[in-house]
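**Student:** Protein chains in written order, with the numbering used here: chain A, 1 to 519; chain B, 520 to 764.
No wet-lab data here; the hints were simulated from the structure. Note that CB positions come from ideal geometry on N, CA and C, so glycine has one too. Treat the hints loosely; a few may be bogus.
To be verified - Derived contacts from chain B toward chain A, CB cut-off under 8 Å, selection only:
1) Pro-536
2) Phe-537
3) Ala-539
4) Thr-543
5) Gly-544
6) Ser-545
7) Pro-591
8) Phe-592
9) Leu-593
10) Thr-594
11) Ser-714
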Amino acid sequence: MSEFELSVRACLADPGLTYRQRVQALALLAENALPPPVVSEDCTRAQAKAVVHDMGEGNAPYRPRYVLPDYATALARGSAHLELEAPTTLDDALTFLLAMYAGVPSITGYPVYLGDLDRLLEPFVGPESGVGDAELDAALTRFWRVIDRTMPDAFVHANLGPDDGRVVRSILRVDAAQRQIVPNLTLRVDPERTPEDLLRAAVQTTCADGKPHYVNDPMMRADLGQAYGVVSCYNSLPYGGGAHTLVRLDLSASLRFAEVPAEDWLERSLPRHVELTAELMAARIRHLVEQTGFYRHDWLAREGLISLDRFTAMFGFFGLAEAVELAGVGGGGAGYGRDERATAFGHRIVARLAELVAATPLPYCEATGGHALLHAQSGIDSDIGVTAGARIPVGCEPPLYQHIRAVAPNHRHVPAGISDVFRFEPTVGANPDAVVAVLRGAFAEGMRDMTFDVVGNGFVRITGFLVREQDVAGIAADGRARHASSFLGAGSMVNQRLSERVVKAAPGGTDQALAGPAG
Amino acid sequence: MRESTVQVKGLVAGTVPFSAVDGTGSRYVIFLQGCGFDCLTCHNPGTIPSQPRGMRQVSVGSVLDRVIESAPFLTGVTITGGEPTMQPEFLEALLVALAEHPATAHLTRLLDSNGDAPAELWDQLIPLIDGVMLDVKVLDPERHFVLTGRGNRRVLASASRLAAKGVLHEVRLMLVPGINDADGELTRTAHWLLSLDPQVRVRVNAYRRHGTRACARHLLEVTDADRVRYREVLTAAGLRNLTIG
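From just these sequences and the hints, can you work out the full model?
**Tutor:** Shown next as structure tokens:
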């Protein structure tokens with residue numbers, strides 16, 4: 001049997017995969033039977049050395065990685081493809097959305113973006129609708145259950161905020177009660193528009209189930225325009241479009257394979273690796289746009305719910321901490337995030353990378369000035385010994401405010417999203433105002449994204465998605481899980497030692513530096 | 520702010536820039552050295568001595584600078600101990616400095632106190648604070664002496680005074696099985712607290728051995744069954760605003 005046939009047969013009979021997971025895996029095997037888009041020898045070599053990594057998207061891109069359809073227009077106009085008229089009631093709107101989700105592609109085969117659900121649904125729950133709170137909660141509970149039971153993974157993401165309303169409140173209640181990993185949630189926070197009490201309610205849900213993630217809405221709007229969405233693992237992208245592809249550059253590998261002294265790497269070697277990353281991106285984008293005709297054929301494009309001129313590409317990077325270490329900057333072994341010089345060098349790398357990416361033209365990225373958007377890629381399950389994005393390595397995270405101040409300067413350079421995870425002890429659940437104050441302070445310091453991981457609620461934040469501890473235990477016991485992302489999460493927990501994340505404000509720790517030792 | 524305010528010196532046992540368990544919101548916690556009680560159940564016995572060997576004094580200004588650094592992330596400041604009222608001049612100067620500096624004036628100021636302070640001191644402090652979290656060990660004076668080495672006349676008077684002035688933020692009951700947690704005792708305490716303030720907020724701190732001294736190792740730890748009973752008895756006595764820790 002050929003290797004291909006062996007792989008297919010193994011997939012057909014894999015006891016750990018559901019039927020749908022087998023179909024997904026078979027599709028990838030078929031795609032990878034084709035040769036990848038043609039690139040230069042240098043680019044191929046950079047991939048072989050794992051300096052440049054295609055995220056396992058597949059050899060023949062035939063759908064964009066992330067799609068953010070214009071759900072608002074669809075709801076307002078109805079859809080010929082779906083044979084559904086514009087809904088007028090909450091039930092019809094929810095049914096419309098579920099029908100639409102089934103036809104929204106992405107790298108995972110299902111949508112990674114479910115829309116700004118509160119804005120989409122608020123018009124259906126006004127005073128004239130007659131929908132009471134109990135009825136709203138019941139309807140959204142059914143909607144939530146169908147999403148979790150039918151979507152394949154926790155990369156499925158819905159957006160909320162920044163304004164208060166009945167729907168956002170109901171979703172926060174329903175999410176805390178249902179304790180699902182799907183959908184992932186982001187709350188946009190605008191200090192001028194998001195009331196304290198809504199933030200408090202959101203933090204209570206975060207304490208219960210790890211969601212939502214929080215974004216600095218004014219900062220996002222300044223970089224991406226009024227219409228943007230946050231999808232999958234904190235990828236912020238133009239609404240009505242999305243990202244053709246995400247290719248990532250391992251900064252630590254870039255430095256390791258640099259053929260110049262470490263001090264020259266930033267100016268002489270990094271630019272070449274950025275070029276090679278962009279070369280792979282361009283080849284993949286061209287295949288998708290020019291060979292498959294996706295943006296002409298797909299029903300979303302035909303109905304004007306996405307358009308090519310709203311798409312861009314994501315230039316991901318990771319391994320910043322290890323790159324700083326390899327460069328030998330900073331003393332005492334404290335490293336990026338703890339040592340001032342090491343942290344400042346990390347900031348310099350990210351700023352330089354942002355300059356290079358902004359100056360590197362890419363085809364079909366007119367939505368963002370003809371170049372890719374920089375993204376601090378949150379890692380994948382198989383990464384070992386290399387830290388996600390621009391994060392501080394697990395186990396080395398400094399105390400809360402130092403942590404925020406060490407990473408905040410990176411955030412302005414990374415419009416397509418960056419995630420630094422802050423792990424809290426469960427006591428914050430009784431005092432959500434503590435987290436609200438930290439959030440406000442962090443955004444004022446220039447943070448774009450804030451992610452919390454609360455110990456003891458049964459959920460663990462992985463790259464950006466969540467797993468339930470009970471699902472990880474299930475995989476260990478019988479190798480099965482309903483959501484494909486739970487397998488990735490189980491791998492990450494081991495490979496990235498996520499249980500060793502430093503907990504902020506562990507009880508009993510006082511900062512003794514102010515005074516001499518007590519007698 | 521007067522120059523002399525920031526120059527006042529005191530003994531600070533330590534600081535915690537972020538706490539979610541010392542009052543509402545995100546709080547900067549300042550531990551002042553020294554306590555007049557010598558509680559068997561003390562979890563931080565290193566802060567009891569008033570003049571520990573080798574500890575140098577620090578100025579109000581240096582503490583203020585540290586709070587300013589953290590101010591963007593804070594809801595407020597909690598001054599605890601030890602017992603903060605043991606260093607009245609330093610405490611008052613610190614509160615004035617926090618209230619007057621533009622970077623910290625918006626922060627709420629809470630004290631965590633055992634209540635063993637004279638009325639005149641409270642009258643000076645009350646205009647400078649948003650509230651007091653008060654420890655009440657036990658109503659009975661003799662058992663109070665056994666538990667703390669001191670009587671509780673001033674503690675009970677402080678509770679009345681703070682409640683009357685609207686600054687009794689929370690009362691904390693440290694309960695130790697077999698020592699101060701009998702049903703009758705809990706009911707009496709609840710009734711007394713409700714007589715001070717019908718909306719009184721009460722937090723039960725269940726005794727745990729962790730951090731205590733060898734002399735306290737014979738005390739029993741609070742069990743889950745005890746916690747259930749505390750809630751039942753205190754709720755039946757009329758407490759509505761109750762947290763069992």
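**Student:** Which numbered hints does this structure break?
**Tutor:** Number 11 - this is the single hint that the structure violates.
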